[in-house]
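Residue numbers (this note's numbering), protein chains in the order written: chain P, 57 to 429; chain R, 169 to 542.
Just so you know, the hints here were simulated from the structure itself, not pulled from any lab data.
Treat the hints with care, since some could be wrong.
Unchecked claim - From the derived model, a few chain R residues whose C-beta atoms are all more than 12 Å from chain P:
1. K204
2. T323
3. T445
4. V461
5. I532
As the list claims (entries may be wrong) - Stretch-level coverage of chain P by chain R, calculated; a stretch enters the list once three of its residues show a Cβ under 8 Å from a Cβ in chain R:
6. 104-113
7. 174-187
8. 215-222
As the list claims (entries may be wrong) - The list that follows gives simulated cross-link-like pairs (lysine to any residue, SDA-like), each with its CA atoms no further than 20 Å apart:
9. P/K313 - R/P258
10. P/K344 - R/K305
11. P/K373 - R/E489
12. P/K340 - R/G528
13. R/K442 - P/D124
14. P/K340 - R/N432
15. P/K344 - R/G528
16. R/K442 - P/E242
17. R/K450 - P/K197
18. P/K302 - P/L288
19. P/K344 - R/E494
20. P/K424 - P/K232
21. P/K361 - P/N347
22. R/K412 - R/L400
23. P/K330 - R/N432
24. P/K314 - R/K506
25. P/K357 - R/N478
26. P/K314 - R/N432
Given the structure is predicted, the values throughout are model-derived calculations rather than measurements.
We put the CB at the ideal spot given by N, CA and C, even for glycine.
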Amino acid sequence: MAKSYMGLILAAQDTNDIMGLTKYRPIASIPFAGRYRIIDFSLTNLTRIGISNVGIVVPHNYVGSLRDHIRGGQFWDLNRKTGGIFLMHPTIDSEIGKSNVKNFRSNLEYLHKSKEKNVVLCSSHLIANVDLQSIIDSHEKSGRDLTIVYKKEDGDLKGYRGCTSIMLNENNEIEKFGVVVDSPEEANISLEIKIIRKDLLIDLLMSGVQNGLVGDLNKFIEHNVYKISTNLYEFIGYTKFIDSTKNYFKANKDMLKKEIREELLLSNGGISTKINDTPPAIYKPESKVSNSLIANGCIVKGSVKDSIIGRRVVIKKGATIENSVILQSCVIEEGVEIKNVIIDKNVTISRYQKVIGSEDFPLIIEKKSLLDG
Amino acid sequence: MRKKEMIAMLLAGGQGSRLVPLTSDVAKPAVDFGGKYKIIDFPLSNCTNSGIDTVGILTQYRPFLLNTHIGTGSAWDLNSMHGGAAILPPYTTQEGGAWYKGTANAIYQNIQYIDRYDPDHVLILSGDHIYKMDYNKMLREHKKEGADVTIAALTVTLEEAKRFGIMNVKDDNTIYEFEEKPEKPKSNLASMGIYIFKWSELKKYLIEDEKNKESENDFGMNILPKMLDDGLKMITHPFKGYWKDVGTINSLWEANMDLLDEDNDLNLHTNDWKIYTSGEPKGAAYFGERASVENSMVVDGCEVNGSIKNTILFPGVIVEEGAIVENSVLFPNVKIGKGVILDRVIVGENTNVLSGTHVGDTTIKVIPQNKTIK
Numbered sequence: 057m058a059k060s061y062m063g064l065i066l067a068a069q070d071t072n073d074i075m076g077l078t079k080y081r082p083i084a085s086i087p088f089a090g091r092y093r094i095i096d097f098s099l100t101n102l103t104r105i106g107i108s109n110v111g112i113v114v115p116h117n118y119v120g121s122l123r124d125h126i127r128g129g130q131f132w133d134l135n136r137k138t139g140g141i142f143l144m145h146p147t148i149d150s151e152i153g154k155s156n157v158k159n160f161r162s163n164l165e166y167l168h169k170s171k172e173k174n175v176v177l178c179s180s181h182l183i184a185n186v187d188l189q190s191i192i193d194s195h196e197k198s199g200r201d202l203t204i205v206y207k208k209e210d211g212d213l214k215g216y217r218g219c220t221s222i223m224l225n226e227n228n229e230i231e232k233f234g235v236v237v238d239s240p241e242e243a244n245i246s247l248e249i250k251i252i253r254k255d256l257l258i259d260l261l262m263s264g265v266q267n268g269l270v271g272d273l274n275k276f277i278e279h280n281v282y283k284i285s286t287n288l289y290e291f292i293g294y295t296k297f298i299d300s301t302k303n304y305f306k307a308n309k310d311m312l313k314k315e316i317r318e319e320l321l322l323s324n325g326g327i328s329t330k331i332n333d334t335p336p337a338i339y340k341p342e343s344k345v346s347n348s349l350i351a352n353g354c355i356v357k358g359s360v361k362d363s364i365i366g367r368r369v370v371i372k373k374g375a376t377i378e379n380s381v382i383l384q385s386c387v388i389e390e391g392v393e394i395k396n397v398i399i400d401k402n403v404t405i406s407r408y409q410k411v412i413g414s415e416d417f418p419l420i421i422e423k424k425s426l427l428d429g
Numbered sequence: 169m170r171k172k173e174m175i176a177m178l179l180a181g182g183q184g185s186r187l188v189p190l191t192s193d194v195a196k197p198a199v200d201f202g203g204k205y206k207i208i209d210f211p212l213s214n215c216t217n218s219g220i221d222t223v224g225i226l227t228q229y230r231p232f233l234l235n236t237h238i239g240t241g242s243a244w245d246l247n248s249m250h251g252g253a254a255i256l257p258p259y260t261t262q263e264g265g266a267w268y269k270g271t272a273n274a275i276y277q278n279i280q281y282i283d284r285y286d287p288d289h290v291l292i293l294s295g296d297h298i299y300k301m302d303y304n305k306m307l308r309e310h311k312k313e314g315a316d317v318t319i320a321a322l323t324v325t326l327e328e329a330k331r332f333g334i335m336n337v338k339d340d341n342t343i344y345e346f347e348e349k350p351e352k353p354k355s356n357l358a359s360m361g362i363y364i365f366k367w368s369e370l371k372k373y374l375i376e377d378e379k380n381k382e383s384e385n386d387f388g389m390n391i392l393p394k395m396l397d398d399g400l401k402m403i404t405h406p407f408k409g410y411w412k413d414v415g416t417i418n419s420l421w422e423a424n425m426d427l428l429d430e431d432n433d434l435n436l437h438t439n440d441w442k443i444y445t446s447g448e449p450k451g452a453a454y455f456g457e458r459a460s461v462e463n464s465m466v467v468d469g470c471e472v473n474g475s476i477k478n479t480i481l482f483p484g485v486i487v488e489e490g491a492i493v494e495n496s497v498l499f500p501n502v503k504i505g506k507g508v509i510l511d512r513v514i515v516g517e518n519t520n521v522l523s524g525t526h527v528g529d530t531t532i533k534v535i536p537q538n539k540t541i542k
């Protein structure tokens with residue numbers, strides 16, 4: 057029963073490889089697929105199975121954008137009298153940008169006060185449409201204190217660089233944890249989704265602080281896994297860690313594939329996000345669109361191909377956009393040519409500008425910039 | 169209960185008989201419009217944007233969908249602790265119960281609801297029209313002139329005037345005569361069915377009107393003429409801007425098509441007078457490799473692989489490859505199969521138009537909701 061579970065979302069991730077989009081916001085509130093924000097996946101996964109108490113560990117800086125997105129939690133049915141949304145602010149002495157143990161220590165009161173006995177832990181930079189109920193079922197059936205969720209990945213591991221990999225022995229038990237580097241082999245990737253007994257989590261945090269161990273909460277639990285009875289759950293489905301510009305671009309482009317789009321955005325009842333009351337998009341006679349996702353509120357007079365266009369983007373006559381991701385409220389003036397580019401919100405590209413990135417390294421045009429000749 | 173200067177009462181029980189089959193299952197105010205809205209979203213959003221935070225919504229005919237749509241009123245910011253949206257269906261008392269007999273009777277039956285807020289003025293609205301209007305501006309004029317009644321007025325052609333309640337006014341805008349659908353209109357100032365009343369006066373007249381067994385308990389036919397006879401001060405509030413009664417299939421289609429005109433006066437794309445609606449969010453619209461889109465409105469949750477022209481799509485619509493849809497309005501979750509050709513058609517919610525179907529004529533056709541069309 058989901059009523060005995062609370063959610064904890066770690067939303068203070070490392071932004072070194074995705075700087076261009078995180079100058080003014082954490083990864084959690086980067087816009088995605090034309091209308092979502094990255095944290096919508098964690099929030100929806102948790103709340104649609106009836107979890108009504110969610111704590112979010114927010115980063116030190118630029119939380120405004122995240123706060124503006126989450127509001128009182130109403131879009132995920134989290135505007136509750138008891139429970140609801142709780143933003144866990146880091147303490148002054150916490151390490152910058154880390155979901156660390158000291159941070160939690162200072163928020164222990166929230167954990168103590170919550171009436172739920174178990175915690176579903178997840179990281180906001182993972183996009184995946186996960187049926188957490190089956191993971192809870194597996195956790196309860198196992199009778200263990202901790203469940204770790206992983207995904208078996210063979211083939212291209214480039215997108216998982218830096219992620220935790222789990223080495224299993226022949227009995228399918230955890231042998232050790234490692235870190236993914238470029239390698240052609242298969243790996244079991246930790247999806248940073250865990251289910252753990254709340255009192256056990258609190259004990260771990262207390263001892264962690266007492267012993268002076270600070271660091272990433274996921275890694276901290278993994279360090280202690282030898283003394284906890286652990287269940288493993290294999291997730292099968294689309295996942296992407298939005299921890300680099302490349303992964304972000306790739307994930308957006310993946311949404312142009314029908315099967316992936318339907319699995320990630322529409323299955324299990326879809327992904328909820330903040331409602332913006334934007335009118336439908338308008339396509340004028342001169343417009344030309346193919347293989348693209350275009351959100352509400354756009355006015356399209358130019359041509360768009362293989363691209364993802366956010367809300368209220370204006371694309372003027374003769375402008376061409378190809379293989380690009382354009383975030384909300386940008387203005388693409390007449391005759392502009394854009395290819396292999398990520399443009400952050402509210403950017404205006406002046407008439408007849410050419411903005412072209414390479415296919416492997418999309419160019420990022422930062423928020424609040426005005427590109428003119 | 170906190171006292172309110174003005175609350176709104178929205179008459180949303182309209183059957184919309186000329187919109188059948190689109191109104192077979194829903195009341196007229198719940199009919200879809202403009203790619204993601206329902207007709208009632210316009211007066212409700214006008215209330216929100218005008219700063220009116222208490223709205224009684226009077227329902228009667230097939231209210232289920234309307235009730236779900238309005239919910240707690242949160243979509244319009246009307247889930248307030250003090251006031252907010254309240255659905256007011258007919259009810260029973262110890263003396264028995266009755267349907268709402270007429271527009272005035274509907275308000276009469278809810279005198280208690282209104283009195284709870286002790287308002288100075290009451291705004292009466294209907295859920296039948298598409299327009300943006302600042303009711304607060306109207307209230308300011310009503311107060312400034314010290315009027316008992318203020319009626320929003322639209323300038324129409326003399327020909328159109330025959331279908332409206334027409335007001336004949338003096339130079340100072342006060343009404344001296346009120347004619348319901350006149351054969352020979354003396355002016356072209358038409359009532360929009362939007363009234364602000366001094367509540368103390370209206371209450372008196374409603375109670376009196378209820379005692380009169382001959383009365384049809386209607387604002388236009390009974391209450392307003394009686395007030396005028398008695399010499400109450402009635403003024404008009406001239407309205408300029410887009411206004412459309414979408415009471416017929418043709419006018420509903422036309423109003424939708426109006427949105428495709430870039431300079432349309434309704435202008436849904438401005439941020440300063442947003443129209444709010446409720447509903448679940450869906451992913452951005454997807455356009456396939458072979459999609460062709462010309463002069464159309466497409467909303468989140470659509471998938472277009474075929475070709476659309478002068479057409480409005482609602483959320484969840486899928487247009488398959490090779491389909492050609494022109495001059496049409498496709499309501500939520502309509503599926504258009506491969507090679508389908510539609511011209512001048514309104515397709516009701518959830519209908520599945522199978523491959524190879526051709527529908528098109530010079531007049532507007534309606535394909536009803538929840539059907540499979542071969």
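Okay, the hints, checked on the actual structure:
1. K204: 6 Å, violated
2. T323: 27 Å, holds
3. T445: 7 Å, violated
4. V461: 4 Å, violated
5. I532: 21 Å, holds
6. 104-113: violated (count 0)
7. 174-187: The restraint on the stretch 174-187 of chain P is violated, since only 0 of its residues have a Cβ under 8 Å from chain R and three are required.
8. 215-222: Result for this restraint: violated, n = 0.
9. P/K313 - R/P258: 51 Å, violated
10. P/K344 - R/K305: 42 Å, violated
11. P/K373 - R/E489: Given that 20 Å is the threshold and the Cα spacing comes to 26 Å, the pair is violated.
12. P/K340 - R/G528: 23 Å, violated
13. R/K442 - P/D124: At roughly 19 Å apart (the allowed maximum being 20 Å), P/D124 and R/K442 satisfy the hint.
14. P/K340 - R/N432: 14 Å, holds
15. P/K344 - R/G528: 25 Å, violated
16. R/K442 - P/E242: It is violated: about 51 Å lies between the C-alpha atoms, which goes past 20 Å.
17. R/K450 - P/K197: Violated, at about 35 Å.
18. P/K302 - P/L288: 29 Å, violated
19. P/K344 - R/E494: 17 Å, holds
20. P/K424 - P/K232: 45 Å, violated
21. P/K361 - P/N347: 6 Å, holds
22. R/K412 - R/L400: Violated - the C-alpha atoms of R/L400 and R/K412 are around 29 Å apart, more than 20 Å.
23. P/K330 - R/N432: Judged against 20 Å, a Cα distance of about 28 Å means the pair is violated.
24. P/K314 - R/K506: 17 Å, holds
25. P/K357 - R/N478: 14 Å, holds
26. P/K314 - R/N432: 35 Å, violated
Violation of the numbered hints given earlier is confined to hints 1, 3, 4, 6, 7, 8, 9, 10, 11, 12, 15, 16, 17, 18, 20, 22, 23 and 26; the remaining hints are satisfied by the structure.
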